[in-house]
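Residue numbers (full-length UniProt numbering), protein chains in the order written: chain Y, 1 to 267; chain R, 1 to 261.
Just so you know, these hints were derived from the structure itself, not from any lab. One should not assume that every hint holds.
Examples of chain R residues toward chain Y, derived with CB under 10 Å [said to hold, decoys possible]: (1) Gly60; (2) Trp63; (3) Ala64; (4) Leu66; (5) Ser153; (6) Asp155; (7) Asp157; (8) Leu158; (9) Ser164; (10) Leu182; (11) Ala219; (12) Arg255; (13) Gln261.
Glycine included, C-beta positions come from ideal geometry on N, C-alpha and C.
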Amino acid sequence: MTQTTVTPSAGVALTLRNLSKRFGDQTVLQALDLDIRAGEFVAVVGRSGCGKSTLLRLIAGLESASTGDVRADGSPLDTGHFDTRLMFQDARLLPWKSVLQNVGLGLSGAWQDKARAVLAEVGLAEHAHKWPSQLSGGQRQRVALARALIHEPQLLLLDEPLGALDALTRIEMQQLIERLWQQHRFTVLLVTHDVEEAVALGDRVLLIEEGRVGLDLPVPLPRSRVRGSAGFAALEERVLSRVLALPDREAIPEPEPVALGALRWAL
Amino acid sequence: MASAISTLAVPVWRRSAPWIVPALLVLLWQWAATHGVLTSRILPAPLAVLEAGSRLWQSGELWAHLKISFWRAAIGFGIGGGIGLLLGLITGMSRRGELLLDTTVQMIRNVPPLALIPLVILWFGIDEAAKLFLVAFGTLFPVYINTYHGIRSVDKDLVEMARSYGLRGWPLFRDVILPGALPSILVGVRFALGFAWILLIVAETISASSGIGYLAMNAREFLQTDVVVLAILLYALLGKLSDYGARQLERVWLRWHPAYQ
Ligand SMILES: Nc1ncnc2c1ncn2[C@@H]1O[C@H](COP(=O)(O)OP(=O)(O)OP(=O)(O)O)[C@@H](O)[C@H]1O
Ligand SMILES: [Mg+2]
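Please model the complete structure; the sequences and the hints are all you need to start from.
Below is the structure:
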């Protein structure tokens with residue numbers, strides 16, 4: 001039942017070619033081309049409803065593409081020779097299993113100690129035996145994060161994993177994700193609404209707009225990144241101004257730099 | 001002082017208040033019987049019913065009838081509920097099973113079990129099998145319908161999540177589908193248990209040589225109204241007990257459910 005990949009997952013390279021997804025007559029993704037290197041950390045941003053979740057679900061093989069395909073290390077997804085974990089935007093915990101059992105879902109053997117360790121890392125060690133219904137929204141999200149991280153997959157897809165968290169816990173979880181990624185070097189796609197988070201974690205920041213990759217911005221800053229630094233702020237500003245320019249590109253050539261701090265959450 | 005008494009008094013009042021009206025009714029009943037307002041042919045005094053109960057208990061008769069009725073209900077429910085569960089699982093889990101079986105089951109469901117009684121007597125006489133058949137027939141459908149709907153209404157997102165986390169086959173069923181369907185299945189079980197007793201009462205009063213229903217019908221021939229009333233009360237008690245049992249199952253199996261915390 002469970003994939004017992006013992007080899008430390010070196011990550012998987014993704015190639016997306018001409019990828020489109022339509023729901024009825026609504027085109028969500030349109031002829032998208034994208035290459036992701038093995039072990040790369042890609043942050044994905046974009047307005048609500050632009051198709052970020054759909055992109056992750058396509059890569060996870062949960063939706064079928066209308067045109068084009070996704071290849072992992074050169075072979076089609078459905079051959080399934082690699083290990084993917086998707087952390088869904090909604091936590092999707094099994095309400096009839098304890099927090100600990102939820103984290104260990106799909107694991108076999110002596111998983112309990114490992115599950116407890118991962119739970120401790122997301123700061124929920126003392127909640128191991130509660131039911132999911134007894135947790136707060138942010139706690140549930142962290143359980144889902146623990147459940148995705150415990151597998152150390154070759155490809156980790158995180159769909160707004162930290163959306164419900166307060167600023168402090170958020171930074172802790174970002175550090176946790178970064179540290180695990182540095183240890184295991186799996187490939188990560190992280191969807192976020194927070195541009196600062198995208199710049200802090202991504203090797204690249206992708207902006208999805210109108211069904212395509214509207215901006216593909218490398219983040220050459222050394223890790224761990226200092227949020228206040230000039231380079232950081234400049235990159236953050238570039239992403240934000242690109243997003244702001246979108247609704248009417250001619251009308252707003254230069255966005256007000258003063259307002260940017262307040263607009264971090266505007267996506 | 002006063003407040004201490006009143007805070008203590010509230011739970012006592014809360015607990016006892018629902019019983020005041022029944023208690024008054026029983027007292028009124030006893031009074032009416034002893035003052036000749038009610039003749040014992042119509043309704044014997046509560047005390048007379050109790051006496052009849054203790055008399056039959058001491059002779060061992062009551063226990064024998066109780067036991068046989070209980071076993072009929074249990075075995076009939078076991079067979080009917082078991083088949084209903086199995087069919088519900090099949091039609092709930094597989095489209096092909098649904099296509100093949102659901103229409104048939106729904107058609108048979110429209111036959112009222114009590115309408116089968118003449119046929120059942122022709123088939124089985126007043127044999128044990130007749131009672132078991134009726135109870136099984138009547139309990140099959142509530143369990144079937146609720147199992148089927150329970151499985152169909154399991155959260156698709158959870159199933160998708162579990163699949164993408166590598167669960168397939170039996171683990172997927174055990175860890176996701178069955179627990180998701182369980183609240184609905186247990187509703188079916190509670191319905192079926194209530195129904196099992198109703199069917200058993202009818203079956204036992206029409207054709208039996210033992211059991212609570214037989215006890216009542218036999219007493220009727222000898223005009224023992226007290227025993228008849230006793231039998232009616234026993235049925236109520238047994239029905240209540242099985243409902244209590246089903247509730248306990250819910251409390252244990254659905255303890256994760258916010259409604260049971
Ligand atoms: N199963 C579906 N059927 C029909 N339309 C869908 C389906 N899933 C998504 N869509 C549509 O596709 C579009 C993109 O949805 P998606 O969930 O990918 O957005 P998103 O970028 O993740 O948004 P958010 O940031 O709000 O999560 C939306 O307009 C949505 O209505
Ligand atoms: Mg989304």
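Checked hints:
Hint on R/Gly60 is violated. Least Cβ distance to chain Y is approximately 45 Å, over the 10 Å limit. Of the supplied interface hints, the one on R/Trp63 is violated, with its beta-carbon coming no nearer than about 40 Å to a beta-carbon of chain Y, more than 10 Å. With a least beta-carbon distance of about 42 Å to chain Y, the hint placing R/Ala64 at the interface is violated under the 10 Å criterion. Hint on R/Leu66 is violated. Least Cβ distance to chain Y is approximately 36 Å, over the 10 Å limit.
Because the closest C-beta pair between R/Ser153 and chain Y is about 14 Å apart, greater than 10 Å, the hint is violated. A distance limit of 10 Å between C-beta atoms decides the matter here; for R/Asp155 the minimum to chain Y is near 8 Å, and the interface restraint holds. Because the beta carbon of R/Asp157 sits about 6 Å from the nearest beta carbon in chain Y, less than 10 Å, this interface hint is met. The interface hint given for R/Leu158 holds, since its Cβ lies 6 Å from the closest Cβ of chain Y, which is under the 10 Å cut-off.
With a least beta-carbon distance of about 6 Å to chain Y, the hint placing R/Ser164 at the interface is held under the 10 Å criterion. For R/Leu182, the interface hint holds, the least distance from its beta-carbon to any beta-carbon of chain Y being 8 Å, beneath 10 Å. The criterion of a C-beta within 10 Å of any C-beta in chain Y is not met by R/Ala219, whose closest approach is roughly 48 Å, and the hint is violated. For R/Arg255, the shortest C-beta to C-beta distance to chain Y is roughly 8 Å, which falls under 10 Å, so the interface hint holds.
Given hint, R/Gln261 at the interface with chain Y, holds; its Cβ is 7 Å from that chain's nearest Cβ, closer than 10 Å.
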